[in-house]
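Trainee: In order, the protein sequences belong to chains A and B. When the letters of the first sequence are read in order and numbered with our numbering, they come out as residues 13 to 346. When the letters of the second sequence are read in order and numbered with our numbering, they come out as residues 13 to 346.
Take these hints with a grain of salt, some might be off.
When chains are identical, the list treats them as one kind, so a pair holds in a single copy or across two.
To be verified - Derived BS3-like pairs (lysine-lysine); straight-line CA-CA distance at most 27 Å:
{"no.": "1", "residue 1": "Lys183", "residue 2": "Lys213"}
{"no.": "2", "residue 1": "Lys183", "residue 2": "Lys121"}
{"no.": "3", "residue 1": "Lys158", "residue 2": "Lys183"}
{"no.": "4", "residue 1": "Lys183", "residue 2": "Lys68"}
{"no.": "5", "residue 1": "Lys281", "residue 2": "Lys158"}
{"no.": "6", "residue 1": "Lys181", "residue 2": "Lys121"}
{"no.": "7", "residue 1": "Lys312", "residue 2": "Lys68"}
{"no.": "8", "residue 1": "Lys158", "residue 2": "Lys213"}
{"no.": "9", "residue 1": "Lys281", "residue 2": "Lys68"}
{"no.": "10", "residue 1": "Lys312", "residue 2": "Lys213"}
{"no.": "11", "residue 1": "Lys68", "residue 2": "Lys121"}
{"no.": "12", "residue 1": "Lys121", "residue 2": "Lys281"}
{"no.": "13", "residue 1": "Lys121", "residue 2": "Lys158"}
{"no.": "14", "residue 1": "Lys68", "residue 2": "Lys213"}
Since the hints were derived computationally from the structure, they do not count as laboratory data. Nothing here was measured: the structure is a model prediction, and the numbers come from that model.
Protein chains: 2
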Amino acid sequence: MPRQIVLASRPSGWPTEDNFAVTEAGRPELVDGQVRVRNLFMSVDPYMRGRMNDTKSYVPPFQLGEPLQGGAIGSVVETRSPDLAEGDLVLHNLGWRDEAVLPARHAQKIAAIEGTAGLSPSAYLGVLGMPALTAYVGLLDIAALKPGDVVFVSGAAGAVGSMAGQIAKLKGAARVIGSAGSEEKVSWLREIGFDAAFNYKAAPVFGQLREAAPEGIDVYFDNVGGDHLEASLAVLSTYGRVALCGAIAHYNATELPAGPHNLGLVITKRLTLRGFIVSDHQDRAPAMIADVSGWLRDGKLFHTETVVDGLDQAPSAFINLLRGHNTGKMIVRL
Amino acid sequence: MPRQIVLASRPSGWPTEDNFAVTEAGRPELVDGQVRVRNLFMSVDPYMRGRMNDTKSYVPPFQLGEPLQGGAIGSVVETRSPDLAEGDLVLHNLGWRDEAVLPARHAQKIAAIEGTAGLSPSAYLGVLGMPALTAYVGLLDIAALKPGDVVFVSGAAGAVGSMAGQIAKLKGAARVIGSAGSEEKVSWLREIGFDAAFNYKAAPVFGQLREAAPEGIDVYFDNVGGDHLEASLAVLSTYGRVALCGAIAHYNATELPAGPHNLGLVITKRLTLRGFIVSDHQDRAPAMIADVSGWLRDGKLFHTETVVDGLDQAPSAFINLLRGHNTGKMIVRL
């Protein structure tokens, strides 16, 4: 019988395995227009932490006792829709379960992209998926990257951050700096083309960032918040731009986080801070896929995945993601 | 002998009269290209507080023992430039003194504007000057005001705030809300067309703002920072925009101010926060003057001044400005 992972309780602070439970899912009959999808890969993403809280936000909270949701890639095993055939590979949003039953119009058939035949289908959850679009839109549209910019990316070894840094270079940034939480990640960032990288756990962010960017930065791509944001405000140049993408430093906080003490610099330096949610920008997916697939074909873009096997490992994969135990995209293979 | 006001010492926290001294200025001979201007009106503005500190910012700090500077209106009394004649009324940046000697190219001759003959020349320091341009650019360019927006302006009874609120209405805002620091100012805001106004000293900002804008706000014009900014982030609607113009709540702080605790809302609500300095936007002055002079002619725009007499009163006028003892533009008549 197919299984699913449900929200057993809401975490206060850091989630634990107790907040999740594996249950049997049943196998309902399809109705007209539906398909049954055998999931092959599912995504765990930092934003899911917000959905575990019972608070109104841009996506509704997960419900207690109900299966979690999230990006997944699967194969159609049964269809009552003329739009999808058995064996079709699809991207959809009912991860955290072995099998998903959904209207065919909620599943996106994965089209072959020339020159990317060697990619795992899981790429559509990472380097060709939501994290890539997040990086692409955040840099190009929200932060309005210009050739010659000096760019700083926090959480740079993650799925979004590693794409953001590389896209910045490929789109003409003069210099790209990344922060990450271990020496291994810092080494990897240098391998994939970051001009400078530092371990934020080794010393305060401000000093390391100032050293890496003695002339200042023009763009900050923020995945972290907290001291990373405060240090960036201090180091940004006049007319600098900040794309606020995530604030993983705060996701498990049980108290209201302190805001940056130097927000007055936004005025004196004429900075722009702009928050965004990738789902508002689906219209940019074709441009991203065209660029990214070209870079992959030409060997100009590096990506990696941290892959965990088995649905029952999804909760620990998610918890480890929040703890930064991944390099590149965190994937659960089902 | 003409007098001037010099910086006697740098304030720590709130400035006091001891930080200023009146000295004799001398009357140097003009060299070619210079003019001597008898000042008639001078401006005191909140941004001058920043120049009293010895810190690098967008304008250099005032120097100890040297006369202060700032916007002034005067009459040319002696000229060695073909560009300005005796009796010309000019706007320039050497206030805080009875007489100014400067290159003619640093003085801007005030051209007659049709239909504004009844205005005091001091208007060029306020309703037709830098505060008006600040409000105009902040609302229209930085916050990208759209017809139908709900707009909140803090420090709304000041020179910039009172213009910002009125310009918002005149440019099609659906509803304009202002905050000020006394019941008298709140009454005045209602008289000049604010749809709602509240006294931020009477109760917490958040509750009063939420009550005045139960459906949320689209634009926040920030002159204050602090709890005003935090409350606005809480009340802003999705895709809301913040023009960060000033942070008078922090100008006399001796410790680093706390940042807003809810900056994460910038992401979930997709907000844009943008700081600006009016001097970057002089190219917009003709459009502002065309609009404002038209509104003045048509009786659609209200303005007031708090006028103090005498150069030796300028320090107390400035201190009172920082304490909020002005309604509309604070002017010193010399």
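Trainee: What label fits Lys121 with Lys158 when the C-alpha limit is 27 Å: within, between, both, or neither?
Mentor: neither (34 Å within a copy, 39 Å between copies)
Trainee: How would you label the pair Lys181, Lys121 (within, between, both, or neither) given a Cα cut-off of 27 Å?
Mentor: Result: close neither inside a copy nor across copies, 31 Å intra and 49 Å inter.
Trainee: Under a CA distance limit of 27 Å, which applies to Lys158 and Lys213: within one copy, between copies, both, or neither?
Mentor: Close neither inside one copy (30 Å) nor across copies (44 Å); limit 27 Å.
Trainee: Under a CA distance limit of 27 Å, which applies to Lys183 and Lys213: within one copy, between copies, both, or neither?
Mentor: neither (29 Å within a copy, 50 Å between copies)
Trainee: At 27 Å max between alpha carbons, let me know whether Lys158 reaches Lys183 within a copy, between copies, both or neither.
Mentor: within (8 Å within a copy, 32 Å between copies)
Trainee: Between Lys312 and Lys213, at a C-alpha cutoff of 27 Å, which is it: within one copy, between copies, both, or neither?
Mentor: neither (29 Å within a copy, 58 Å between copies)
Trainee: My question is about Lys183 and Lys68: at a cut-off of 27 Å on alpha-carbon distance, are they close within one copy, between copies, both, or neither?
Mentor: Neither way: Lys183 and Lys68 sit 36 Å apart in one copy and 33 Å across, limit 27 Å.
Trainee: First find the shortest C-alpha distance between Lys281 and Lys68 inside one copy, then the shortest across copies, and answer within, between, both or neither for a cut-off of 27 Å.
Mentor: between (34 Å within a copy, 11 Å between copies)
Trainee: Tell me, please, which holds for Lys121 and Lys281 at an alpha-carbon limit of 27 Å: within, between, both or neither?
Mentor: neither (46 Å within a copy, 30 Å between copies)
Trainee: Please sort Lys281 with Lys158 into within, between, both or neither, judging by C-alpha distance up to 27 Å.
Mentor: Classified as both; 18 Å inside a copy, 25 Å across copies.
Trainee: Cα distance capped at 27 Å. Does Lys68 pair with Lys213 within a copy, between copies, both, or neither?
Mentor: Neither way: Lys68 and Lys213 sit 32 Å apart in one copy and 30 Å across, limit 27 Å.
Trainee: Using 27 Å as the alpha-carbon threshold, which applies to Lys68 and Lys121: within, between, both, or neither?
Mentor: Neither. Shortest intra-copy (31 Å) and inter-copy (56 Å) distances fail the 27 Å Cα cut-off.
Hint violations for this structure: numbers 1, 2, 4, 6, 7, 8, 10, 11, 12, 13, 14, all remaining hints satisfied.
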